[in-house]
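Engineer: Count along the sequence shown from 1, add 13, and you get the number used in this note's numbering.
Simulated from the structure, these hints should not be mistaken for laboratory data. Glycine included, each C-beta is placed from N, C-alpha and C at the ideal position. Each hint should be verified, as a subset may be incorrect.
Said to hold, decoys possible - Below are the DSS-like pairs computed for lysine-lysine, each with C-alpha atoms no more than 27 Å apart in a straight line: (1) Lys43 <-> Lys160; (2) Lys62 <-> Lys88; (3) Lys62 <-> Lys111; (4) Lys88 <-> Lys152; (5) Lys24 <-> Lys88; (6) Lys111 <-> Lys131; (7) Lys42 <-> Lys111.
Claimed, not checked - Derived Cβ-Cβ restraints for the label pairs, each shown as a range: (8) Gly75 <-> Ala158: 30 to 38 Å; (9) Lys62 <-> Met87: 12 to 20 Å; (10) Ala126 <-> Glu55: 28 to 36 Å; (11) Gly119 <-> Lys62: 29 to 37 Å.
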Amino acid sequence: MGIKSFQGIRKVIKKEYDAPILVEDYMTKKLVTFSPEQSILEVMELFTKYNISGGPVLDNNGFLVGIISEADCMKTISESRYFNQPILDKRVECYMTKDVESITSGISIFDAAGIFHKNNRRRLPVLQNGILVGQISRKDIVIAALKLSSHNWK
14 MGIKSFQGIR KVIKKEYDAP ILVEDYMTKK LVTFSPEQSI LEVMELFTKY
64 NISGGPVLDN NGFLVGIISE ADCMKTISES RYFNQPILDK RVECYMTKDV
114 ESITSGISIF DAAGIFHKNN RRRLPVLQNG ILVGQISRKD IVIAALKLSS
164 HNWK
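Required output: the full structure, derived from the provided sequences and hints.
Structural biologist: What follows is the structure in structure tokens.
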């Protein structure tokens, strides 16, 4: 004689994925921005003040024209020492990275991780219709991955 189940038919529970996975969920929206006319010395002071390692460079109309980073500042320091010139008169526009790869806020963090892996950037500006709306860093992607793993691997 077999054992009967008295529980009845069970409802199939579909596990839904409720963790946010878009760049807009993890990007930094309040940014320290720079202008091409700023001095490198002022940029280095702002890096120290805000504990950042780089940021977007915007023109007078607010459009992205480049990225300035600590590596760019190191180049300035190195050249100043070599040519025995002060850092004070060096401008951002001479040292910033002008060929900037950007992403949109609607792509997934997985796609952003692939972009970071493909090119050796530390941060990517996030544009929406050509306007800077934020920035995402490699660290933001790592934080997002940790949050995703806590949702899936309990």
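Engineer: Are the Cα atoms of Lys88 and Lys152 separated by 27 Å or less?
Structural biologist: With Cα atoms ~24 Å apart, Lys88 and Lys152 stay inside 27 Å; holds.
Engineer: Below or equal to 27 Å on CA atoms is what counts here, so check Lys43 against Lys160.
Structural biologist: Status holds; Cα separation ~21 Å.
Engineer: Would you say the C-beta atoms of Gly119 and Lys62 sit inside 29 to 37 Å of each other?
Structural biologist: holds, 32 Å
Engineer: Please verify whether Lys62 and Lys88 have alpha carbons no more than 27 Å apart.
Structural biologist: holds, 20 Å
Engineer: Next pair to validate is Lys24 with Lys88; report whether the Cα-Cα distance is within 27 Å.
Structural biologist: violated, 64 Å
Engineer: Given the proposed pairing of Lys111 with Lys131, does the C-alpha separation stay at or below 27 Å?
Structural biologist: holds, 18 Å
Engineer: Are the Cα atoms of Lys62 and Lys111 separated by 27 Å or less?
Structural biologist: Measuring from Cα to Cα gives roughly 24 Å; hence the hint holds.
Engineer: Verify the CB-CB distance for Gly75 and Ala158 against the hinted window 30 to 38 Å.
Structural biologist: Holds, since Gly75 and Ala158 (Cβ atoms, about 32 Å apart) stay within the stated range.
Engineer: Against the range 12 to 20 Å, how does the distance between the Cβ atoms of Lys62 and Met87 compare: consistent or not?
Structural biologist: holds, 18 Å
Engineer: Quick one, are Lys42 and Lys111 close enough, alpha carbons at most 27 Å?
Structural biologist: Between Lys42 and Lys111 the Cα gap is close to 21 Å, so the pair holds against 27 Å.
Engineer: Between Ala126 and Glu55, is the Cβ distance one that fits in 28 to 36 Å?
Structural biologist: Given about 33 Å between the Cβ atoms, the range holds.
In summary, the structure is inconsistent with hint 5 from the numbered list given earlier, while agreeing with all the others.
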